[in-house]
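J.: Model the full assembly from the supplied sequences, consistent with the hints where possible.
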Amino acid sequence: MADYKLLAVYEDDDHLVKAVKETKAKKHHIDEVYTPFPVHGLDKVMGLNHTRIAIASFMYGVLGLSVAVWMMNFMMIDDWPRNIGGKPSFTFFQNMPAFVPIMFELTVFFAAHLMVITFYMRSKIWPFKKAENPDPRTTDDHFIMEVSAAKDNIQSVAEFLHSTGAKEVSLKQS
Amino acid sequence: MSHYEAPIRKPLVTGNKTYHQVTEDIVRPIEGRANKTWWIVFSIALVAFLWGLGCIIYTISTGIGVWGLNNTIEWAWDITNFVWWVGIGHAGTLISAVLLLFRQRWRMAVNRSAEAMTIFAVVQAGLFPIIHMGRPWLAYWVLPIPNQFGSLWVNFNSPLLWDVFAISTYLSVSLVFWYTGLLPDFAMIRDRAKLPFQKKIYGILSFGWSGRAKDWQRFEEVSLVLAGLATPLVLSVHTIVSFDFATSVVPGWHSTIFPPYFVAGAIFSGFAMVQTLLIIMRKVSNLEDYITVDHIELMNKVIIVTGGIVGGAYIIEYFIAWYSGSAYEDYTYLSFGAATGPYWWAFWALIFCNMIAPITLWWKKLRRNIMWTFILSIIINIGMWFERFDIIVLCLSKGRTPSTWAMFSPTFVDVGIFIGTIGFFFVLFLLYSRSFPVIAQAEVKSILKLSGDRYKSMRAEHGDDVQLYELPKQQPLPDFDKLIEELENKNEEVAEDGGLVETLILNIGKASNDVADDLKKLTGVGPALEQKLNQVGVYTYNQIVKMTEKEYHILDQLISKFPKTQARFWSGEANLLNKN
Numbered sequence: 007m008a009d010y011k012l013l014a015v016y017e018d019d020d021h022l023v024k025a026v027k028e029t030k031a032k033k034h035h036i037d038e039v040y041t042p043f044p045v046h047g048l049d050k051v052m053g054l055n056h057t058r059i060a061i062a063s064f065m066y067g068v069l070g071l072s073v074a075v076w077m078m079n080f081m082m083i084d085d086w087p088r089n090i091g092g093k094p095s096f097t098f099f100q101n102m103p104a105f106v107p108i109m110f111e112l113t114v115f116f117a118a119h120l121m122v123i124t125f126y127m128r129s130k131i132w133p134f135k136k137a138e139n140p141d142p143r144t145t146d147d148h149f150i151m152e153v154s155a156a157k158d159n160i161q162s163v164a165e166f167l168h169s170t171g172a173k174e175v176s177l178k179q180s
Numbered sequence: 004m005s006h007y008e009a010p011i012r013k014p015l016v017t018g019n020k021t022y023h024q025v026t027e028d029i030v031r032p033i034e035g036r037a038n039k040t041w042w043i044v045f046s047i048a049l050v051a052f053l054w055g056l057g058c059i060i061y062t063i064s065t066g067i068g069v070w071g072l073n074n075t076i077e078w079a080w081d082i083t084n085f086v087w088w089v090g091i092g093h094a095g096t097l098i099s100a101v102l103l104l105f106r107q108r109w110r111m112a113v114n115r116s117a118e119a120m121t122i123f124a125v126v127q128a129g130l131f132p133i134i135h136m137g138r139p140w141l142a143y144w145v146l147p148i149p150n151q152f153g154s155l156w157v158n159f160n161s162p163l164l165w166d167v168f169a170i171s172t173y174l175s176v177s178l179v180f181w182y183t184g185l186l187p188d189f190a191m192i193r194d195r196a197k198l199p200f201q202k203k204i205y206g207i208l209s210f211g212w213s214g215r216a217k218d219w220q221r222f223e224e225v226s227l228v229l230a231g232l233a234t235p236l237v238l239s240v241h242t243i244v245s246f247d248f249a250t251s252v253v254p255g256w257h258s259t260i261f262p263p264y265f266v267a268g269a270i271f272s273g274f275a276m277v278q279t280l281l282i283i284m285r286k287v288s289n290l291e292d293y294i295t296v297d298h299i300e301l302m303n304k305v306i307i308v309t310g311g312i313v314g315g316a317y318i319i320e321y322f323i324a325w326y327s328g329s330a331y332e333d334y335t336y337l338s339f340g341a342a343t344g345p346y347w348w349a350f351w352a353l354i355f356c357n358m359i360a361p362i363t364l365w366w367k368k369l370r371r372n373i374m375w376t377f378i379l380s381i382i383i384n385i386g387m388w389f390e391r392f393d394i395i396v397l398c399l400s401k402g403r404t405p406s407t408w409a410m411f412s413p414t415f416v417d418v419g420i421f422i423g424t425i426g427f428f429f430v431l432f433l434l435y436s437r438s439f440p441v442i443a444q445a446e447v448k449s450i451l452k453l454s455g456d457r458y459k460s461m462r463a464e465h466g467d468d469v470q471l472y473e474l475p476k477q478q479p480l481p482d483f484d485k486l487i488e489e490l491e492n493k494n495e496e497v498a499e500d501g502g503l504v505e506t507l508i509l510n511i512g513k514a515s516n517d518v519a520d521d522l523k524k525l526t527g528v529g530p531a532l533e534q535k536l537n538q539v540g541v542y543t544y545n546q547i548v549k550m551t552e553k554e555y556h557i558l559d560q561l562i563s564k565f566p567k568t569q570a571r572f573w574s575g576e577a578n579l580l581n582k583n
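Here the protein sequences come in this chain order: X and A. Going from the first sequence to our numbering is simple: count from 1 and add 6. Going from the second sequence to our numbering is simple: count from 1 and add 3.
These are computed hints drawn from the structure, not numbers from a lab. Using N, Cα and C, we set each Cβ at its ideal position, and we do this for glycine too. There may be inaccurate statements among the hints.
[Unchecked claim] In silico lysine-lysine, BS3-like type, Cα no more than 27 angstroms apart, as pairs:
1) A/217 to X/135
2) A/203 to X/178
3) X/136 to A/197
4) A/535 to X/130
5) A/476 to X/32
6) A/485 to X/32
7) A/202 to X/136
8) A/524 to A/553
9) X/173 to X/50
10) A/493 to X/157
11) A/197 to X/130
12) X/136 to A/535
13) A/203 to X/136
14) X/157 to X/33
15) A/217 to X/33
16) X/30 to X/157
17) X/178 to A/197
18) A/485 to X/157
19) X/157 to X/27
20) X/30 to X/50
21) X/173 to A/197
[As the list claims (entries may be wrong)] Restraint ranges, calculated between C-beta atoms of paired labels, are given here:
22) X/37 to A/434: 35 to 45 angstroms
23) X/9 to A/521: 17 to 27 angstroms
24) A/579 to X/86: 58 to 68 angstroms
25) A/579 to X/55: 38 to 48 angstroms
26) X/86 to A/260: 29 to 39 angstroms
27) X/37 to A/7: 26 to 36 angstroms
28) A/484 to X/123: 41 to 51 angstroms
29) X/141 to A/61: 50 to 60 angstroms
30) X/37 to A/527: 23 to 33 angstroms
31) X/162 to A/509: 40 to 50 angstroms
32) X/80 to A/42: 46 to 56 angstroms
33) A/367 to X/47: 35 to 45 angstroms
34) X/65 to A/252: 37 to 47 angstroms
T.: Structure representation (structure tokens):
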């Protein structure tokens, strides 16, 4: 059972990626990596799964399109058909060309907003949420890798992290 | 990892910047104090805004009659201003979305401010249709909601309703796109803030952004998908605005060229406004290293392309009006009749500002001349206002019936509301420039090694595979045995302080690991919670059976995230499990 985490601080993204690779090769468990900007390739090196948020967005878009079709069919065809400028209102398909703009807008509306809400929920970010980065410098120019370690081998993991060139290594209870 | 970029590409960030210097440069306007110039400009903008607000109140309390509209020209400055502002609001999303899809890295220096400009401009645009309703408190009637008139719904065949959906989708999607990009930058300011008030505000604004690897992975995916969604959206908005005219039967409005030509015109005017604002801002906020002359030149190239499309459309419109041979087409906004008629000045203002003046940008010297770019950007903004004025007022002024021919003259209220929106726009933009990170610093940092001159020159000197960092000066490892001891002592102190564990064990009896039951069978208990329960000395069903509200309360204090509600079932459950 890993009761402790070792925090290794780096000053550069390339250096961090190199250290993550070395740590992975040594089969140490990387709990988390905090970076001030998106480091390209970091997720691959860490072995993170690809995010499925784009698929979610596609499904939200389909939902938006369905809502638009249902809404306009109900309002303009079923509930209260009206003759406006001679545009045929007898069936949905005859009237559909006039509905295309709103079908498009609602598709985008649903896909964009529900995706962003999903992102906020999944990444646990919302107003009044307390930040969880272990060191304020990680939003400026420092990079922190958190490696879990059992009580017995803290010293050896720390020495390994030191050997990767970490600027500082500190201990935290998980 | 290689950060190769062709050496022929000019650096996008100059001044030998490191990551930390980027941070310092972006927060300087926020952490510093506003200078005198800022206060003067802000006061002027505020006065203009208040003047406009007064005119809006006057309009609403008296009626639309205070405007210069007449029976013939029932749309004039209001819709001109509306279309003008929506058009200006196009550059931001174009820069952040379309240029993201095309992987144009120079967008990162300007996208934040361009998007801010978009949002502020669309806010101004939205005001006009609402004021024009005359009774803005009934504005909700444009929404498809059940109402007291039976089920009389809004008219989905009308381009005016399409506008409602297009503009509100555009505004809200632009807003979340912008805001999501702001989160890491707000977090950066939060973590630097020294005053508790600042820390609190930026803490709330940053939504607790922590910058985990997974967050960044999602962040980038969300940005890409939003860009993919916003690209057709930005093209659709002005297309739909142009439908307001194109689906009517007024000569000059009823034109199939309108959608593409309106979109090009919107981008044309939007980029002009970006130039106007950023040329001032880079100077005032000392951002010349991020918004370089090369950025200005690149935006000027976009202006050449879109201006060329607009000019081409003018020529086509003029030619078709003439070639149709229709008498009704002889007084559309681009025709011989317009050029020589009573609105000749509006016609020639349009031609000069939008077709002739931008030709100067074909010369590289002028394209890279900041002063000329600034002057030209204002000329284009004026020209694009005249374009909308010409389309609306000229085409209406001489309709099919000569007896209805009329001219339009604005009242002070028309002018006041327009000036008011300009004031409002600048009030918002000036406040933004002092409280928001005006450059997307996280994104700039991610391209710094690729396009920063510091790293480009390192590669030029030492070859493309050079290591672009120096190893940090390492601090010696702390004494971990001592640290562990301290941490453990702290834990024991916490436990001993309340004497809670003793009380608990006294009430429910002692047990040990040897006789432990499987506590995971209880509602809401997983391996983690079981372990925590064991740590405080709870091992058996017998102990659980004895628990009452008081013991649950103790556990709640001892164990973080203790499921107090579910725990109420445990006693009964343990009793049953015991009998089995």
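J.: Next, verify each hint and record whether it holds.
T.: Hint check:
About 17 angstroms separates the Cα atoms of residue 217 of chain A and residue 135 of chain X, which keeps this hinted pair within 27 angstroms; it holds. As the CA atoms of residue 203 of chain A and residue 178 of chain X are separated by approximately 25 angstroms, the hinted pair is consistent with the 27 angstroms bound. For the hint linking residue 136 of chain X to residue 197 of chain A, the alpha-carbon distance of about 17 angstroms falls within 27 angstroms, and the restraint holds. Straight-line distance between C-alpha atoms of residue 535 of chain A and residue 130 of chain X comes to about 25 angstroms, which keeps the hinted pair within the 27 angstroms bound.
For the proposed pair residue 476 of chain A and residue 32 of chain X, the alpha carbon gap of about 24 angstroms is at most 27 angstroms, so the pair holds. A C-alpha spacing of about 26 angstroms is found between residue 485 of chain A and residue 32 of chain X, which places the hinted pair at or below 27 angstroms, so the restraint holds. A hinted pair counts as satisfied when its Cα atoms are at most 27 angstroms apart, and residue 202 of chain A with residue 136 of chain X qualifies at roughly 11 angstroms. About 22 angstroms separates the Cα atoms of residue 524 of chain A and residue 553 of chain A, which keeps this hinted pair within 27 angstroms; it holds.
Pair hint residue 173 of chain X plus residue 50 of chain X holds up; C-alpha atoms about 24 angstroms apart against a cutoff of 27 angstroms. Pair hint residue 493 of chain A plus residue 157 of chain X holds up; C-alpha atoms about 16 angstroms apart against a cutoff of 27 angstroms. Of the pairs offered as hints, the one joining residue 197 of chain A and residue 130 of chain X holds, with about 25 angstroms between alpha carbons and a cut-off of 27 angstroms not exceeded. This hinted pair checks out: residue 136 of chain X and residue 535 of chain A have alpha carbons roughly 25 angstroms apart, not beyond 27 angstroms.
Under the criterion of a C-alpha separation no larger than 27 angstroms, the hint pairing residue 203 of chain A with residue 136 of chain X is consistent with the structure, at around 10 angstroms. Using a Cα cut-off of 27 angstroms, the hinted pair residue 157 of chain X and residue 33 of chain X holds, with the two alpha carbons roughly 17 angstroms apart. In summary, the hint linking residue 217 of chain A to residue 33 of chain X is supported, as the alpha carbons are separated by about 20 angstroms, within the 27 angstroms threshold. For the hint pairing residue 30 of chain X with residue 157 of chain X, the CA-to-CA distance comes to about 20 angstroms; that is within 27 angstroms, so the pair holds.
Only pairs whose Cα atoms come within 27 angstroms are accepted, and residue 178 of chain X paired with residue 197 of chain A is accepted, the gap being roughly 25 angstroms. Distance hint between residue 485 of chain A and residue 157 of chain X is fulfilled; the C-alpha atoms sit about 12 angstroms from each other, no more than 27 angstroms. Note on residue 157 of chain X and residue 27 of chain X: the hinted pairing holds, with a Cα-Cα distance of about 23 angstroms set against a maximum of 27 angstroms. Between residue 30 of chain X and residue 50 of chain X the CA atoms are separated by roughly 12 angstroms; this keeps the pair inside 27 angstroms, and the hint holds.
A C-alpha spacing of about 25 angstroms is found between residue 173 of chain X and residue 197 of chain A, which places the hinted pair at or below 27 angstroms, so the restraint holds. As the Cβ distance of residue 37 of chain X to residue 434 of chain A is approximately 40 angstroms, the hint placing it in 35 to 45 angstroms holds. The hint said 17 to 27 angstroms for the Cβ distance between residue 9 of chain X and residue 521 of chain A, and at roughly 23 angstroms that hint holds. A hinted range of 58 to 68 angstroms for the beta carbons of residue 579 of chain A and residue 86 of chain X is consistent with their spacing of about 60 angstroms.
Distance hint for residue 579 of chain A and residue 55 of chain X: a CB-CB separation of about 40 angstroms, consistent with the stated range 38 to 48 angstroms. Taking 29 to 39 angstroms as the suggested C-beta distance range, the pair residue 86 of chain X and residue 260 of chain A conforms, at roughly 35 angstroms. At about 32 angstroms, the CB distance of residue 37 of chain X to residue 7 of chain A agrees with the hint of 26 to 36 angstroms. Residue 484 of chain A and residue 123 of chain X have their C-beta atoms about 47 angstroms apart, which keeps the hinted 41 to 51 angstroms range intact.
Under the hint 50 to 60 angstroms, the C-beta atoms of residue 141 of chain X and residue 61 of chain A, about 56 angstroms apart, fit the expected range. The supplied range of 23 to 33 angstroms is met by residue 37 of chain X and residue 527 of chain A, whose beta-carbon atoms lie about 25 angstroms from each other. Between residue 162 of chain X and residue 509 of chain A, the C-beta spacing of about 42 angstroms keeps the proposed range 40 to 50 angstroms intact. The hinted window of 46 to 56 angstroms between residue 80 of chain X and residue 42 of chain A holds, with their beta carbons roughly 55 angstroms apart.
Distance hint for residue 367 of chain A and residue 47 of chain X: a CB-CB separation of about 38 angstroms, consistent with the stated range 35 to 45 angstroms. The hinted window of 37 to 47 angstroms between residue 65 of chain X and residue 252 of chain A holds, with their beta carbons roughly 42 angstroms apart.
In terms of the numbered hints stated before, the structure departs from none.
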